Amino acid sequence: MEFFFEVLIGGLLSGVMYSLVALGFVLIFKASGVFNFAQGAMVLFAALTFVGLLEHGFAIWAAAIATIVTMVVLAIVVERLVLRPLVNQEQIIMFMATIGIAYFLNGIGQAMWGADVHPLMLGIPQGPVDVLGIQIDKFDLIAAAVAGSLVAGLAFFFQKTRIGRALRAVADDHQAAMSVGIPLKQIWVIVWTAAGIVAFVAGIMWGSNLGVQFSVALVALKALPVLILGGFTSIPGAIVGGLLVGAGEKLSEVFLGPFVGGGIETWFAYMLAMLFLMVRPQGLFGERIIERV
Amino acid sequence: MVDAALDHAAPPRRIGQVLLKVDNITLSFGGVRALSGVSLEIREHEIFAIIGPNGAGKSSMLNVINGFYHPQQGTITYKGVTRGDMRPYDAARQGIARTFQNIALFKGMSTLDNIMTGRLLKMRSDLLTQALYWGPAERQEIEHRRAVERIIDFLQIEAIRKVPVGKLPYGLQKRVELARALAAEPDLLLLDEPMAGMNIEEKQDMCRFVLDVNDEFGTTIALIEHDMGVVMDISDRVVVLDYGRKIADGTPDRVRNDPKVIEAYLGLAH
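Chains A and B supply the protein sequences, listed in that same order.
Its first residue numbered 386, the first sequence is counted upward by one per residue in my numbering.
Its first residue numbered 930, the second sequence is counted upward by one per residue in my numbering.
Since the hints were derived computationally from the structure, they do not count as laboratory data.
Computed from a predicted structure; not experimentally measured.
There may be inaccurate statements among the hints.
[Unchecked claim] Sample of chain B residues with no beta-carbon within 12 angstroms of chain A, all distances over it, derived: (1) Glu-973; (2) Asn-995; (3) Asp-1019; (4) Glu-1122.
[Said to hold, decoys possible] With beta-carbon atoms standing in for the labels, derived distance ranges: (5) Lys-1091/B with Leu-595/A: 42 to 50 angstroms; (6) Asp-1082/B with Trp-652/A: 53 to 61 angstroms; (7) Pro-470/A with Lys-1091/B: 33 to 41 angstroms; (8) Leu-471/A with Gly-1126/B: 25 to 33 angstroms; (9) Arg-1012/B with Leu-606/A: 45 to 53 angstroms; (10) Arg-665/A with Asp-1019/B: 30 to 38 angstroms; (11) Asp-1082/B with Leu-471/A: 57 to 65 angstroms; (12) Asp-1082/B with Leu-595/A: 53 to 61 angstroms; (13) Gln-1085/B with Gly-492/A: 51 to 59 angstroms; (14) Val-457/A with Lys-1008/B: 32 to 40 angstroms; (15) Arg-665/A with Glu-1192/B: 56 to 64 angstroms; (16) Gly-966/B with Asn-473/A: 24 to 32 angstroms; (17) Arg-1090/B with Arg-665/A: 22 to 30 angstroms.
[Stated by the list, open to error] When the alpha-carbon atoms are kept at most 25 angstroms apart in a straight line, the in silico BS3-like pairs for lysine-lysine are as follows: (18) Lys-523/A with Lys-415/A; (19) Lys-1132/B with Lys-950/B; (20) Lys-1036/B with Lys-1051/B; (21) Lys-1132/B with Lys-1096/B; (22) Lys-1036/B with Lys-1096/B; (23) Lys-1189/B with Lys-570/A; (24) Lys-415/A with Lys-1008/B; (25) Lys-607/A with Lys-523/A; (26) Lys-1008/B with Lys-950/B; (27) Lys-1091/B with Lys-415/A; (28) Lys-1008/B with Lys-1036/B; (29) Lys-1132/B with Lys-415/A; (30) Lys-415/A with Lys-607/A; (31) Lys-1091/B with Lys-1036/B; (32) Lys-1051/B with Lys-1008/B; (33) Lys-415/A with Lys-1036/B; (34) Lys-570/A with Lys-1091/B; (35) Lys-1132/B with Lys-1036/B.
Even glycine gets a Cβ: it sits at the ideal position worked out from N, Cα and C.
Please model the entire structure based on the sequences and the hints provided.
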């Protein structure tokens, strides 16, 4: 039984990392109805910038501030050069634009800082710690704490009051949103900045686990099933979805793996997402999709 | 505002000063002239109609007024301030609200939430205080909710309060859109074909609402309409556009008998 809990908790904690990436997607999806293909690239870009600055002798806090400033500038540039000219266009067009942003960010990040694997050492303690007789990795615990506070902060900021409603309005219809006086540009900059900062935190966490390298951008793929599970529009959904995927893949790998020859971990999340698409396409917490024909 | 209007039993509706003056507006998209040298004046408290055949530039004119389009030439004078073009945000802040020809509602949101968005600009606290001070924000929400309930009452859409608007029939969606515009307590209300695609009953309802809004709140209304009958019945003044030019301007009776208007609508009589 203890072993079961160890696997479960290990899975939940690694799920937190998925949640972190998924969160960035949710933020932008809420405010534009667009799946931001560049979220993974933003994670890589932020992590590369941070590591690059560290390697150039910046102190950790200075590098962190500089990276956050970079993400803010990035949000402003994206709004000005990409989103603003596309106001009132079909969402698929915005989506295509985010693919462009992804390529651009992947390119520029590696052009600036090189394509090598950069190790990221923040002095976050590693190694197991004993909690009530269950072995837990210290790093995972810290990652969970960071993700938890980030989520709490965001949930607080995007309360279901004025800004929450404004976000949903912008996602639904640009023109109508503008006509009731929602400052579209401001909202977009705020949201992309938030998504950029989330990407930065996710980048640090993944980077100190795997090293900062191109594969970090591909982590975004794991966020897809998380989003399908949790619902594209829900911040709590991203969290629960991430935890479900994390715990589910670890548990099934350990307990079901032996029966089918293992390897469940790599496809479990996608399988689960497919089932969800058939049964509950809006996800656990997503808004119901209404389409009048 | 809503309360005041209800307390004083129907204040006398008096046409006042010029609220909006559009002077010599020219708007083109590439080589296509949507509007050429159009001028018009909308006075306080009046119901003003813009009519004309398809493609005459009616919707373009509304889009210029609320800042979606920026004309190449001409000026817009609103509440005494003259400018070359409007911005949607400024227009909304200064009391211009509108509806759209093809209904632009937030389809995933309930009727109530849609109407609440109309009050976003009335909510005083900025984004940050909203996020940090839950107490005042909540009180404010309740206060705005009350105002919205009065509008829901006024337009008789109590029953669909919680229904996502995407599920509503067309006629009701139009009414919700009007409600959202009213929630902003506008000084100038722009209605882009408010009765298009409605059956006779729905048209009559809409006419009544337009007249009631004008009557009870004193809101200035500028509307575009295809249905000549409707326009002539409810408007104080009518402007006729044809191929982006103004061809007539005056009371419904004068415009109705203007040979140029008859020509534009029916073709030249030989």
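Hints versus structure:
Interface exclusion of Glu-973/B from chain A stands, the closest Cβ pair being 21 angstroms apart, more than 12 angstroms. A beta-carbon of chain A comes within 12 angstroms of the beta-carbon of Asn-995/B; the shortest separation is about 6 angstroms. A beta-carbon of chain A comes within 12 angstroms of the beta-carbon of Asp-1019/B; the shortest separation is about 9 angstroms. Every Cβ of chain A is farther than 12 angstroms from the Cβ of Glu-1122/B; the closest lies at roughly 15 angstroms, confirming the non-interface assignment.
For Lys-1091/B paired with Leu-595/A, a C-beta distance near 47 angstroms keeps the hint of 42 to 50 angstroms intact. Between Asp-1082/B and Trp-652/A the beta carbons are some 55 angstroms apart, a value that agrees with the proposed interval 53 to 61 angstroms. The hinted range of 33 to 41 angstroms is satisfied by Pro-470/A and Lys-1091/B, whose Cβ atoms lie roughly 37 angstroms apart. Take Leu-471/A and Gly-1126/B: their Cβ atoms lie about 29 angstroms apart, and the range 25 to 33 angstroms holds.
Between Arg-1012/B and Leu-606/A the CB atoms are about 49 angstroms apart, so this pair conforms to the stated range of 45 to 53 angstroms. With their beta carbons about 43 angstroms apart, Arg-665/A and Asp-1019/B fall outside the hinted range of 30 to 38 angstroms. The hinted window of 57 to 65 angstroms between Asp-1082/B and Leu-471/A is violated, with their beta carbons roughly 39 angstroms apart. The hint said 53 to 61 angstroms for the Cβ distance between Asp-1082/B and Leu-595/A, and at roughly 59 angstroms that hint holds.
Between Gln-1085/B and Gly-492/A the beta carbons are some 57 angstroms apart, a value that agrees with the proposed interval 51 to 59 angstroms. The hint said 32 to 40 angstroms for the Cβ distance between Val-457/A and Lys-1008/B, and at roughly 36 angstroms that hint holds. Range check, Arg-665/A to Glu-1192/B: about 60 angstroms between beta-carbon atoms, so the 56 to 64 angstroms window is met. The hinted window of 24 to 32 angstroms between Gly-966/B and Asn-473/A holds, with their beta carbons roughly 27 angstroms apart.
For the hinted restraint 22 to 30 angstroms between Arg-1090/B and Arg-665/A, the CB-CB distance of approximately 26 angstroms keeps it satisfied. Pair hint Lys-523/A plus Lys-415/A does not hold up; C-alpha atoms about 33 angstroms apart against a cutoff of 25 angstroms. With a C-alpha separation of about 29 angstroms, the suggested pair Lys-1132/B and Lys-950/B falls outside the 25 angstroms cut-off, and the hint is violated. Between Lys-1036/B and Lys-1051/B the CA atoms are separated by roughly 22 angstroms; this keeps the pair inside 25 angstroms, and the hint holds.
Between Lys-1132/B and Lys-1096/B the alpha-carbon distance is near 20 angstroms, which keeps this suggested pair within the 25 angstroms criterion. The straight-line distance between the Cα atoms of Lys-1036/B and Lys-1096/B is roughly 8 angstroms, inside the 25 angstroms bound, and the hint therefore holds. The suggested pairing of Lys-1189/B with Lys-570/A is violated, with an alpha-carbon distance near 44 angstroms, which exceeds 25 angstroms. For the given pair, Lys-415/A sits about 36 angstroms from Lys-1008/B by alpha-carbon distance, which is inconsistent with the 25 angstroms threshold.
With a C-alpha separation of about 23 angstroms, the suggested pairing of Lys-607/A with Lys-523/A holds against the 25 angstroms cut-off. This hinted pair checks out: Lys-1008/B and Lys-950/B have alpha carbons roughly 9 angstroms apart, not beyond 25 angstroms. Of the supplied pair hints, the one linking Lys-1091/B and Lys-415/A holds, its CA atoms being roughly 21 angstroms apart against a limit of 25 angstroms. A threshold of 25 angstroms between alpha carbons decides the hint, and for Lys-1008/B with Lys-1036/B the separation of about 33 angstroms lies outside it, so the pair is violated.
The hinted pair formed by Lys-1132/B and Lys-415/A fails the criterion: a straight-line CA distance of about 36 angstroms is larger than 25 angstroms. Our distance criterion of 25 angstroms between C-alpha atoms is met by Lys-415/A and Lys-607/A, whose separation comes to about 19 angstroms. Under the criterion of a C-alpha separation no larger than 25 angstroms, the hint pairing Lys-1091/B with Lys-1036/B is consistent with the structure, at around 12 angstroms. The straight-line distance between the Cα atoms of Lys-1051/B and Lys-1008/B is roughly 19 angstroms, inside the 25 angstroms bound, and the hint therefore holds.
A C-alpha spacing of about 14 angstroms is found between Lys-415/A and Lys-1036/B, which places the hinted pair at or below 25 angstroms, so the restraint holds. With a C-alpha separation of about 29 angstroms, the suggested pair Lys-570/A and Lys-1091/B falls outside the 25 angstroms cut-off, and the hint is violated. Restraint check for Lys-1132/B and Lys-1036/B: the C-alpha separation of about 23 angstroms stays at or below 25 angstroms, so the hint holds.
The structure is inconsistent with the numbered hints 2, 3, 10, 11, 18, 19, 23, 24, 28, 29, 34, although it conforms to all the rest.
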